[in-house]
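Engineer: Residue strings, one per chain:
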Amino acid sequence: MTASPHSDPEPVVRFDNVGMRYGRGPEILRDLSFDLPRGSFQFLTGPSGAGKTSLLKLIYLSAKPSRGLVSFFGRDAATLPRKELPDLRRRIGVVFQEFRLLNHLSVFDNVALPLRVAGRKRSDYAEDVAELLAWVGLGNRMTALPPTLSGGEQQRVAIARAVVGQPEILIADEPTGNVDPEMGMRLLRLFAELNKLGTTIVIATHDLQLVRMVDAPVMTLSNGHLHIRPPRSQRQREAEAREAEGREALDAVSRGDAGKAGDGDTEARDE
Amino acid sequence: MNEAVPKPPPGGSGRLLPPDSGRDRPLFLVAAILVFLACIAALGARGAWVQAQTWTSDLESSLTIQIRPVEERDTDADARTAAEIARGMDGVREATARTREHAVALLSPWLGENNLPDDLPLPLMVEVELDPRTVRAGTFAPDALQARLDEAGLAATVDDHSRWASAVRRAARTAQTLGLALLALVAGAAAAVVAFAARASLAARIDVIDALHLCGAEDGFIAGLFQRRFFMLGLKSGATGAVFAGLVSILVSVGGSPADMAFFLPQWAADPFEIILLALAPLLAGLTAAVSARLAVASDLRGRW
Numbered sequence: 001m002t003a004s005p006h007s008d009p010e011p012v013v014r015f016d017n018v019g020m021r022y023g024r025g026p027e028i029l030r031d032l033s034f035d036l037p038r039g040s041f042q043f044l045t046g047p048s049g050a051g052k053t054s055l056l057k058l059i060y061l062s063a064k065p066s067r068g069l070v071s072f073f074g075r076d077a078a079t080l081p082r083k084e085l086p087d088l089r090r091r092i093g094v095v096f097q098e099f100r101l102l103n104h105l106s107v108f109d110n111v112a113l114p115l116r117v118a119g120r121k122r123s124d125y126a127e128d129v130a131e132l133l134a135w136v137g138l139g140n141r142m143t144a145l146p147p148t149l150s151g152g153e154q155q156r157v158a159i160a161r162a163v164v165g166q167p168e169i170l171i172a173d174e175p176t177g178n179v180d181p182e183m184g185m186r187l188l189r190l191f192a193e194l195n196k197l198g199t200t201i202v203i204a205t206h207d208l209q210l211v212r213m214v215d216a217p218v219m220t221l222s223n224g225h226l227h228i229r230p231p232r233s234q235r236q237r238e239a240e241a242r243e244a245e246g247r248e249a250l251d252a253v254s255r256g257d258a259g260k261a262g263d264g265d266t267e268a269r270d271e
Numbered sequence: 001m002n003e004a005v006p007k008p009p010p011g012g013s014g015r016l017l018p019p020d021s022g023r024d025r026p027l028f029l030v031a032a033i034l035v036f037l038a039c040i041a042a043l044g045a046r047g048a049w050v051q052a053q054t055w056t057s058d059l060e061s062s063l064t065i066q067i068r069p070v071e072e073r074d075t076d077a078d079a080r081t082a083a084e085i086a087r088g089m090d091g092v093r094e095a096t097a098r099t100r101e102h103a104v105a106l107l108s109p110w111l112g113e114n115n116l117p118d119d120l121p122l123p124l125m126v127e128v129e130l131d132p133r134t135v136r137a138g139t140f141a142p143d144a145l146q147a148r149l150d151e152a153g154l155a156a157t158v159d160d161h162s163r164w165a166s167a168v169r170r171a172a173r174t175a176q177t178l179g180l181a182l183l184a185l186v187a188g189a190a191a192a193v194v195a196f197a198a199r200a201s202l203a204a205r206i207d208v209i210d211a212l213h214l215c216g217a218e219d220g221f222i223a224g225l226f227q228r229r230f231f232m233l234g235l236k237s238g239a240t241g242a243v244f245a246g247l248v249s250i251l252v253s254v255g256g257s258p259a260d261m262a263f264f265l266p267q268w269a270a271d272p273f274e275i276i277l278l279a280l281a282p283l284l285a286g287l288t289a290a291v292s293a294r295l296a297v298a299s300d301l302r303g304r305w
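In order, the protein sequences belong to chains A and B.
Note that this note's numbering gives residue 205 to position 205 of the first sequence, counting from 1, and the numbers run on in steps of one.
Note that this note's numbering gives residue 25 to position 25 of the second sequence, counting from 1, and the numbers run on in steps of one.
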């Protein structure tokens, strides 16, 4: 699975020549074209100020592109009627870099928020929410208010809130920035688990160690442009294929038959 | 880490909108004052109407016949005759001829006692009291009485007070219109204040709104939160304003007020109208606040994506 331009016939998210600017400022995202295939897992990296958060905003429907086409589940975001947005947003879970927890609500209520706004009854979801909180290690802090939690605990609350509604897309902005490596691993396992269940995952991170732990494509933003590096396994396969091709070509040359070489995979666009 | 027994905390869900009673306090005061003014205006308009009703019915249930002094005639006798004729009419309950002494007594505050020459011609009055049923039915015709008096050759004029009654009614209508206009203005001001406050509250809580939005909350859901909050606020400040308005009108009634002022002051008559008005005021205030807040928030949300 790759995040290369339009390789999937029905991606959950498709960007086509998307540009974005704030007001009359310079364009901070330029000519982005990529797909997020259903059930894919990708990292998003890039130096600070490269536009990672802006790109994420486009994906979680918090901003509109200045130009180009963004479509969700096959539907053009620009032409979506306003009243269909909430439903779409419920299919997208977001872990914000600054968490955006509601400080006047308990940890439990914060996590239950997406279920509550979807109109579900407390008795329906209470057990699930409690179980999820226990899973992220906050089983004994359910009645605490966010300001009394450590940064790592708040982050886990934010993650729990993002995943509680079993979204089809999960977007996480630096989700492991405030936790120790052990908890970071645990959270990554949670994301991997969700991914196995079919959730499309985008994780923005600076943590290269984290990136190395998953065999997933890496989207890198710099100067508003996006480069996509295929997953390690694919690159290896391609390298092997090239090597094999090279060998074949060499063999062919040695056999005096050079015409067949060079029709390999041209889709890999490594930086 | 307590992973073994995940049990949801007991109790209900927390309120999605954080309580901001500190911020709401001035709004509570303004709303209470507006409801108070609205109640006073309504009670005043009602008071004017009741007052006018009493006055006009007093005026309309009586009329006077004026007997002009004519040389060579006994004015006192003419007055008695006129009373006789009036008594003979349908719908007249009582007719009393006032004597010359009565007329002199009426003049004494201006001219002093015993300063009038005995032969000074004075007009005399006949007071005619009508049967209330006739007054209500409006069947009594002063013109017929006048005609009979003319037939009898009396120099008499019937004054049915209609000029005064219509003036009082006009004044009452003016007071009522004024009261209702004030009511409408105050209600409009209240709605505008609440809309403003709801927008401010929305702006102050944009973090919550953002979080709710991104969790997939519908506009109606968010507007409903504000609607509930402002309904409660309207209800509370409405109750406060109504209670104070009731107290003030009771105080005004108990304290007594000069008759010329009483027309525009709220009077406590302890009748169902007042009780219902004051009981409805908080509800109306709550509804006004709720609708206004909902519309304001919904229109603000429409401007966001």
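No lab work stands behind these hints: they were computed from the structure.
Certain hints may be false.
Claimed, not checked - In silico EDC-like cross-links for lysine to aspartate or glutamate, where the CA-CA straight-line distance does not exceed 20 Å:
id, chain 1, residue 1, chain 2, residue 2
1, A, K64, B, D300
2, B, K7, A, D124
3, B, K7, A, D31
4, A, K83, A, D124
5, A, K57, B, E151
Engineer: Now, for every hint given, state plainly whether the structure supports it.
Structural biologist: Hints and how they fare:
| no. | hint | verdict |
| --- | --- | --- |
| 1 | A/K64 x B/D300 | holds, 18 Å |
| 2 | B/K7 x A/D124 | holds, 13 Å |
| 3 | B/K7 x A/D31 | violated, 49 Å |
| 4 | A/K83 x A/D124 | violated, 25 Å |
| 5 | A/K57 x B/E151 | violated, 100 Å |
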